[in-house]
Amino acid sequence: MTSNLDFDTAADFLSVLANGNRLQIFRRLTDREWDVGSLAKELNLSQSALSQHLKRMRELKLVETRREAQTIFYYCQSAAVVKILLVLSDIAETDGGGSELAA
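Each residue of the sequence shown is one higher than the last, beginning at 1 in our numbering.
Fair warning: there could be bad hints in the mix.
Claimed, not checked - Subject to a maximum C-alpha distance of 20 angstroms in a straight line, what follows is the list of computed EDC-like cross-link-like pairs (lysine to aspartate or glutamate):
hint : residue 1 : residue 2
1    : Lys55     : Asp35
2    : Lys55     : Asp95
3    : Lys83     : Glu68
As the list claims (entries may be wrong) - Pair ranges (Cβ atoms, derived):
hint : residue 1 : residue 2 : range
4    : Arg32     : Ala69     : 24 to 34 angstroms
5    : Glu93     : Gln70     : 33 to 43 angstroms
6    : Val82     : Asn21     : 11 to 21 angstroms
7    : Leu14     : Ala49     : 12 to 22 angstroms
8    : Ala49     : Gln70     : 33 to 43 angstroms
9    : Leu5      : Asp35     : 28 to 38 angstroms
10   : Ala69     : Ser48     : 31 to 41 angstroms
11   : Ser38     : Glu59     : 21 to 31 angstroms
12   : Phe7      : Gly37     : 30 to 40 angstroms
13   : Asp90     : Ser48     : 18 to 28 angstroms
14   : Asp6      : Arg58     : 31 to 41 angstroms
15   : Asp31     : Lys61     : 15 to 25 angstroms
16   : Gly20     : Arg58     : 12 to 22 angstroms
If you're looking for bench data, these hints aren't it; they were derived computationally from the structure.
Just so it is clear, CB atoms sit at the ideal spot from N, CA and C, and this is done for glycine as well.
Starting from the given sequences, assemble the full structure and let the hints guide the process.
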């Protein structure tokens, strides 16, 4: 049943998700693409902090980029990330928690 599961890869994936800021970033990036400045302002994070989060997410190939002149746009089309966000949203709704993920 779990013979095809690479536990190290799964652990890396879950470690990236185990951060509230990164979950908020993923939620935004699954909706549309964002440049770093706009996303940092949206999430009230410094550009430096956001860039570090995005670097980690890119290392695991969970976000992608598109360049337009001097601006780099980030987006997430990872089916795994979308599934996890949906599960978290379902849990928040079931438990009655007013989580931002349920929004």
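A quick look at each hint next to the structure:
1. Lys55 / Asp35: The given pair, whose Cα atoms are some 14 angstroms apart, holds under the 20 angstroms limit.
2. Lys55 / Asp95: Between Lys55 and Asp95 the Cα gap is close to 33 angstroms, so the pair fails against 20 angstroms, i.e. violated.
3. Lys83 / Glu68: 29 angstroms, violated
4. Arg32 / Ala69: 24 to 34 angstroms: 19 angstroms, violated
5. Glu93 / Gln70: 33 to 43 angstroms: 41 angstroms, holds
6. Val82 / Asn21: 11 to 21 angstroms: 18 angstroms, holds
7. Leu14 / Ala49: 12 to 22 angstroms: 21 angstroms, holds
8. Ala49 / Gln70: 33 to 43 angstroms: 21 angstroms, violated
9. Leu5 / Asp35: 28 to 38 angstroms: For Leu5 and Asp35 the Cβ distance comes to about 36 angstroms; the hint holds.
10. Ala69 / Ser48: 31 to 41 angstroms: Because 22 angstroms falls outside the window, the suggested range is violated.
11. Ser38 / Glu59: 21 to 31 angstroms: Roughly 22 angstroms apart at Cβ, these two residues keep to the hinted range, so it holds.
12. Phe7 / Gly37: 30 to 40 angstroms: 37 angstroms, holds
13. Asp90 / Ser48: 18 to 28 angstroms: Once the Cβ atoms are compared, 34 angstroms apart, the range 18 to 28 angstroms for Ser48 and Asp90 is violated.
14. Asp6 / Arg58: 31 to 41 angstroms: Violated - the Cβ-Cβ distance for Asp6 and Arg58, about 19 angstroms, lies outside 31 to 41 angstroms.
15. Asp31 / Lys61: 15 to 25 angstroms: Since Asp31 and Lys61 have Cβ atoms about 19 angstroms apart, the given range 15 to 25 angstroms holds.
16. Gly20 / Arg58: 12 to 22 angstroms: Check passed, 19 angstroms falls within 12 to 22 angstroms.
Violated hints, listed in ascending order, are 2, 3, 4, 8, 10, 13, 14; each of the other numbered hints is respected by the structure.
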